[in-house]
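One line per chain: the protein sequences are A and B, in this order.
Counting in this note's numbering, the first sequence runs from 1 upward without gaps.
Counting in this note's numbering, the second sequence runs from 1 upward without gaps.
Do not take every clue at face value.
Not everything, but these chain B residues come out facing chain A in the computed CB check (under 8 angstroms) [what the hints assert, rightly or not]: (1) Gly-20; (2) Lys-51; (3) Lys-52; (4) Gly-74; (5) Met-77; (6) Ser-80; (7) Tyr-141.
It is worth saying that the hints were derived from the structure and are not from the lab.
Even glycine gets a Cβ: it sits at the ideal position worked out from N, Cα and C.
One letter stands for each residue in the lines below.
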Amino acid sequence: METITYEEDLHTNPLYIRLIDKYSLLQEISINNWIVALPKRSSYTSKYLNNHEFMLAHILAPSEELPKTHFCNLIGEEVLINGTDVKIKSDTAAINVHILFEEYFYTKDSQRYKILCIDKPLSTKFANNLPSCNDTVVKSVHQSLDLIHNLCSKQVERKIDNAIKSFNLRIQKSTDYDSLQANIKLLYEYCVNITCTKKIKEEQFLCMNMKFAVEYVLLDSIYDKIFDALIIKHAEENEKFNKIIKNLSNISLKDLNISESVASKFYDNFNIIRLEMLKIDNCKTSLDKLSCIKNVIDTISSIIGNVTTDILLPIMVYLVIKGNYYHWIPTLSFVQEFNLSSVLSAENQSTGSALLYILTTLEAIIYFIQTNENICLEKDNLLNPKDINDVHSQEDYLIHIFTCIKDHNDVKFMNLLNMSYSAFKNELSVKCPSIPASCHPLCRCERCDKKVESSTLDINQTSQDKLTMLHIASAFNAPKILTILTNQGADVNARDSRGYTALHYAAQKGHQKVLFLLLHNQNNSINLRTNDQQTALILASIYGHEQCVKALLFFAEHTHTALDVNSQDKDGMTALHYGSQFGYNGIVENLLEYQAKATIKNHIGKIPVDYARNSIIKKKLEEAAKYQVEELPITENEFIFIRKEDLADIFQEVT
Amino acid sequence: MSAEVSTTNFTFKVVLLGEGKVGKTSILLRFVHDQFNKQHLSTIQASFLNKKINFEHDDGRNCRVNLNIWDTAGQEMFHSLGPIYYRNSQGAILVYDVSSADSFEKIKMWIKELKKVVGDEIVCVIVGNKIDLQKEGKAQYDPEPHSQYAKSVGALHFLTSAKLNENIDDLFLEISKLMIKAHDDKQQATATLNRSNSMRRRLRVEENETDVNIHENSEASNSRCCGR
Chain A
1 METITYEEDL
11 HTNPLYIRLI
21 DKYSLLQEIS
31 INNWIVALPK
41 RSSYTSKYLN
51 NHEFMLAHIL
61 APSEELPKTH
71 FCNLIGEEVL
81 INGTDVKIKS
91 DTAAINVHIL
101 FEEYFYTKDS
111 QRYKILCIDK
121 PLSTKFANNL
131 PSCNDTVVKS
141 VHQSLDLIHN
151 LCSKQVERKI
161 DNAIKSFNLR
171 IQKSTDYDSL
181 QANIKLLYEY
191 CVNITCTKKI
201 KEEQFLCMNM
211 KFAVEYVLLD
221 SIYDKIFDAL
231 IIKHAEENEK
241 FNKIIKNLSN
251 ISLKDLNISE
261 SVASKFYDNF
271 NIIRLEMLKI
281 DNCKTSLDKL
291 SCIKNVIDTI
301 SSIIGNVTTD
311 ILLPIMVYLV
321 IKGNYYHWIP
331 TLSFVQEFNL
341 SSVLSAENQS
351 TGSALLYILT
361 TLEAIIYFIQ
371 TNENICLEKD
381 NLLNPKDIND
391 VHSQEDYLIH
401 IFTCIKDHND
411 VKFMNLLNMS
421 YSAFKNELSV
431 KCPSIPASCH
441 PLCRCERCDK
451 KVESSTLDIN
461 QTSQDKLTML
471 HIASAFNAPK
481 ILTILTNQGA
491 DVNARDSRGY
501 TALHYAAQKG
511 HQKVLFLLLH
521 NQNNSINLRT
531 NDQQTALILA
541 SIYGHEQCVK
551 ALLFFAEHTH
561 TALDVNSQDK
571 DGMTALHYGS
581 QFGYNGIVEN
591 LLEYQAKATI
601 KNHIGKIPVD
611 YARNSIIKKK
621 LEEAAKYQVE
631 ELPITENEFI
641 FIRKEDLADI
651 FQEVT
Chain B
1 MSAEVSTTNF
11 TFKVVLLGEG
21 KVGKTSILLR
31 FVHDQFNKQH
41 LSTIQASFLN
51 KKINFEHDDG
61 RNCRVNLNIW
71 DTAGQEMFHS
81 LGPIYYRNSQ
91 GAILVYDVSS
101 ADSFEKIKMW
111 IKELKKVVGD
121 EIVCVIVGNK
131 IDLQKEGKAQ
141 YDPEPHSQYA
151 KSVGALHFLT
161 SAKLNENIDD
171 LFLEISKLMI
181 KAHDDKQQAT
191 ATLNRSNSMR
201 RRLRVEENET
211 DVNIHENSEA
221 SNSRCCGR
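Turn these sequences into a full structure, and let the hints steer you where they fit.
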């Protein structure tokens, strides 16, 4: 489907002018619900205008049985309309024409009739071999080159080539974004000037098409430079955005108020839609990029039916978060700033209006994500909070304690910790039949002792998911409670069902203080891996928590702990791979300074620099790789130190 | 009728506001229902729609209006995105369900917000949809207070039925006419502003030239202008 279609002002179409001269005919048209099929201006010559039959051939009367698809023109030929295709049959021949657009006309007495603009005359009698005209917009570099080749002289083609070459030479010297942008605009204007001759300018649509062609040709050869410049310009904002989407990665459509039936259809086809979206990276013009999103929307609606904004927006938010594309900010900026043929500008709303809506949607999605970092923070997959009244078993009791930890309710936590489940139940004055009372309150006989023991809460007791209190204290950033737990001998290396230790949670969620407390526990092992073979360092790198990456590196160095900075997860990815992929400049820098290897291949044979799009990060990684291959001694680190005093402060605060 | 009828072209952006389930989408789809095939429309499913209509304006001009109708998100969660959607729009259609008092309360909120964000230049039309429910006796509805409210905020009030295709065409014709009027008024305002600016400039030049003129002009401006 086209996003930009042929346009002309029907009021200036000679056949239309003839038609409105015959007022009585117009009335008849509206009364009978006839349709006028108007060939586009350039498709017929004026010699037909005085031919009455020519006019009648273009007025269609719907059939009685199938009024939507079967018609008959006023000279008796049969016309079939199917989508945008119009077929006309007579005894002698059949021809096909296309509908370009349609328009409604209201007469003074509020009667209405419809005009279809078609690409050539609709009658076998008048069908002559007119040259096929361009009424579709160019959609690729090849089409664009063809258009320029067909309509411009060789000289013009050479001029464009030379202009691009000299432009490339010029921008190699300076990479300043503003001058780059200004230069591109100049280059574009120059090329449009030499291609859009007077003759082309006379035809509004052709002129627009030529502008698109120029845009395609130019951007095809300079897109990479522009996008690189945009990545650098928006590096910080993009890094922040990626961090947000990584940390929102456990979002579900339910969090965005999408009904279950719609959500399940969407989930089933998520990968198809996602792959459609990823094509955006290969689109080199802003029109192409927006058309790509349009295709995504069309795919979505082919799966879940009519898409209103209320459904579209949350689904697109979900796609952007979970789609594995990490250049949204430069992409948005590219679409806004490098729409050279300015089809998206407000004055040009008639042609690019649908695309403008898509651009606005994209803007809205990004703004929404930026301002709703915490949208699924309330809900957490870890924990289904339990209120006091929901406690019916030992397991519930543990979850209830978890809830207190999550809420940072230290006092209540202490109370509960020192209380057994039965005591808790007694306090609620609910008799708990499963635990028989002791012989007498202070009885220490063997039977009673056993009972008390079994009913007191073990500090390392686990929930169904094998979560301990320590996990929760770490995941929900409760340093005070965490200290209490470690002091009472909680196992710092306990793993939950996904193989996470408390340290993993601290690193993943970015809680630096908790992370330090855990690291300083002598029993802690820094290199433990989750079920996905990810270390705390990798997790901190994925989720963009620079402070935690620094903390891990710094701690390891200062305590001479052997931290494995090069460990690979189940896909063979290292912390450096992730830092590079998500454009986390600071993390990459820190990892490199701590001798992370830039030459490790993941399971598909890629080294970290293969994931880098930001040329600053790329350069750092390339240099590091070079050094590491040559095995030159690496210079002494100069680090951001976390001073001992600060560390002491942290401890004082929590103990 | 003369062959050389000139037409004036307009392109308007209209946002569609309303709570979920008031029939926003039905109105939108009804308006384009007669179209042959969605394929050749520049639509984005039910969220964006474009329709070109031609009519003779009350002042005799032939007008060609390119209507771009934008659906917006009605969910509370996306409320903050409103301004991104309705900036640069010339019209707003605010839809409520005649059988739901709550849905009308939402309209009041949106009107306030629109006036705040876009200003008075935007043409607002309040639409009570599902009027068929009342005809079928399924809902009791008195349009009077709502019409009163619409009047008080300078908006038109329409009662439609997307189901029975009542008043839908009129709704879009009417809002088009209002937007044309707003457009004309705005142009006129800028034209007069420019004229008065150029007058003022000329005045200043004259002031510098001769003493006599200073006297005459300052007297004239005293009588007219409030400031000096």
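Right, here's what the structure says about each hint:
| no. | hint | verdict |
| --- | --- | --- |
| 1 | Gly-20 | holds, 6 angstroms |
| 2 | Lys-51 | holds, 7 angstroms |
| 3 | Lys-52 | holds, 4 angstroms |
| 4 | Gly-74 | holds, 6 angstroms |
| 5 | Met-77 | holds, 6 angstroms |
| 6 | Ser-80 | holds, 7 angstroms |
| 7 | Tyr-141 | violated, 25 angstroms |
When the structure is compared with the earlier hints, a violation turns up for hint 7 alone.
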